[in-house]
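Here my numbering is used: the first residue of the sequence shown is 7, the next is one more, and so on.
Hints listed in this document are in silico derivations from the structure and should not be mistaken for laboratory results.
Glycine is no exception: its CB is placed at the ideal position from the N, C-alpha and C atoms.
Hints may be right or wrong, so weigh each one.
[Stated by the list, open to error] Derived lysine-lysine pairs resembling DSBU-like cross-links, with alpha carbons at most 35 Å apart:
(1) Lys91 with Lys142
(2) Lys383 with Lys444
(3) Lys142 with Lys331
(4) Lys444 with Lys74
(5) Lys261 with Lys142
(6) Lys45 with Lys221
(7) Lys74 with Lys142
[Claimed, not checked] Derived DEER-like restraints, expressed as beta-carbon distance ranges:
(8) Lys74 with Thr428: 36 to 44 Å
(9) Met176 with Cys131: 12 to 20 Å
(10) Glu174 with Asp93: 23 to 31 Å
(11) Lys151 with Lys336: 22 to 30 Å
(12) Met7 with Arg120: 26 to 34 Å
(13) Thr267 with Pro238: 21 to 29 Å
(14) Pro275 with Ala97: 36 to 44 Å
(15) Glu66 with Ser141: 48 to 56 Å
(16) Lys142 with Asp93: 21 to 29 Å
(17) Ser203 with Ile84: 40 to 48 Å
(18) Lys142 with Ser213: 20 to 28 Å
(19) Pro238 with Trp260: 48 to 56 Å
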Amino acid sequence: MEFTEAYKQSGPCCFSPNARFIAVAVDYRLVIRDTLSLKVVQLFSCLDKISYIEWALDSEYILCGLYKRPMIQAWSLIQPEWTCKIDEGPAGIAYARWSPDSRHILTTSDFQLRLTVWSLVNTACVHVQWPKHASKGVSFTQDGKFAAICTRHDCKDYINLLSCHNWEIMGVFAVDTLDLADIQWSPDDSAIVIWDSPLEYKVLVYSPDGRCLFKYQAYESGLGVKSVSWSPCGQFLAIGSYDQMLRVLSYLTWKTFAEFTHLSNVRAPCCAAIFKEVDEPLQIGMSELSLSGDYMQGNSGDAPEGHYSVRYDVTEVPITLPCQKPPADKPNPKQGIGLMSWSNDSQYVCTRNDSMPTILWIWDMRHLELAAILVQKDPIRAAVWDPTCTRLVLCTGSSHLYMWTPSGAYCVSVPLSQFNVTDLKWNSDGSCLLLKDKESFCCAAAPLPPDESSDYSSDD
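Throw the hints in and build the complete structure from the sequences for me.
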């Protein structure tokens, strides 16, 4: 892999949807860099520190959330002199997002008093009263024609369907939830999936006209749904629960056809490949030793801490995985499927059980079995799939990247001094990764290994 030098950042960083630019927040400045050269192509100054940034889908506009003000500023890459400022006054702004047409901004006020749709074309605005959530509870169809917005009034949850053409309300219907958590359109735009808060295990599927097509409840009297995700192909709906299980429903029958458990004791007949991260002392030859002060000042800063590198060891079953039991007297237990992500081809899904934060499970949906287990030394911060092929990259807050493909797993050392990867994102064309440290970022070109079969336990 090839890495760029580190650049300063103080907040959100993200690629543009067309993969050509990187937007970086540096205090109150918004820096737009070219993805290939990382040269600065635009520089915008905001009125306060940037808390949030989001690109419009056409990559021509970008909004910045200044939540301390609270205020939204939007900028144009094509017309740098164009400016836009949105201020809700005493109502405040808790969250902002783009509409699919890239010409409207949706803001949610503090205390969820109202959701406002602001037009960048004619400065018109439309209000939706009592949105259920600030950052959640809004979903757009894949074709961008309709929006489903969750609202709550009179102690009941509702779904509002709006046309994204003129933002008129096309219909409103109540849903059978105690405390609606979130909503997602199906990939083919034919159904809406909603799920209840963790206090009630309930997943409901509605048609756009308000008919309940299916109700799923795996169990009662326990904390329920923690994560929900559609497969990219639209054929599967994965549900991660607090009971540490992943359940997969078929879109055709709405029946459960796979249940995957996350047990701390892995035994036969499990045939999954188990990769365990281990330290590997650096081999220093006699010819590399130096008694001069130059070594202490120059070379020691480039060596990994403790003179150790890491690699994966392939481990056999049975194996006992490290597990943390959450305290029973505290809310929001660190338990259940908190991280879940599908591969681009829908053939694999990776999960992390929050009571085992250092373990990543990779499930094979073709054979409905466990494909691999990655045992890390530190808790997993992020895991993202390559958008162009079956390759998974994860980070743990260390100075290494970890990659898995169906052929094996390998570790990559980041050759930057004191750079610990706390978050990562793929470019939409799969050409490079954006890696974040606490106060800096870099990019890494990640070509596929020429012979994946030889990477079962390797270190770069």
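Structure-based check of each hint:
The straight-line distance between the Cα atoms of Lys91 and Lys142 is roughly 23 Å, inside the 35 Å bound, and the hint therefore holds. Simply put, Lys383 and Lys444 have alpha-carbon atoms about 20 Å apart, close enough for the 35 Å limit, and the pair holds. Restraint check for Lys142 and Lys331: the C-alpha separation of about 29 Å stays at or below 35 Å, so the hint holds. Proposed proximity of Lys444 and Lys74 is supported: the alpha carbons are some 21 Å apart, at most 35 Å.
With a CA separation close to 26 Å, the supplied pair Lys261 and Lys142 stays within the 35 Å bound. Distance check on the hinted pair: Lys45 and Lys221 sit about 52 Å apart at the alpha-carbon level, beyond 35 Å; violated. Taking the CA atoms of Lys74 and Lys142, the gap is near 20 Å; set against the 35 Å cutoff, the hint holds. The hint said 36 to 44 Å for the Cβ distance between Lys74 and Thr428, and at roughly 22 Å that hint is violated.
Look at Met176 against Cys131: about 19 Å separates their beta carbons, and that is inside 12 to 20 Å. A C-beta distance of roughly 25 Å is found between Glu174 and Asp93, which places it inside the suggested range of 23 to 31 Å. At roughly 44 Å, the beta-carbon separation of Lys151 and Lys336 lies outside the given 22 to 30 Å, and the hint is violated. A C-beta distance of roughly 47 Å is found between Met7 and Arg120, which places it outside the suggested range of 26 to 34 Å.
Take Thr267 and Pro238: their Cβ atoms lie about 24 Å apart, and the range 21 to 29 Å holds. Judged by the Cβ atoms, the range 36 to 44 Å given for Pro275 and Ala97 is violated: they are separated by roughly 59 Å. For Glu66 paired with Ser141, a C-beta distance near 24 Å fails the hint of 48 to 56 Å. In this structure the supplied range 21 to 29 Å holds for Lys142 paired with Asp93, their Cβ-Cβ distance being about 23 Å.
At roughly 43 Å, the beta-carbon separation of Ser203 and Ile84 lies within the given 40 to 48 Å, and the hint holds. In this structure the hint that Lys142 and Ser213 lie 20 to 28 Å apart at CB holds, the actual value being about 22 Å. At about 19 Å, the CB distance of Pro238 to Trp260 disagrees with the hint of 48 to 56 Å.
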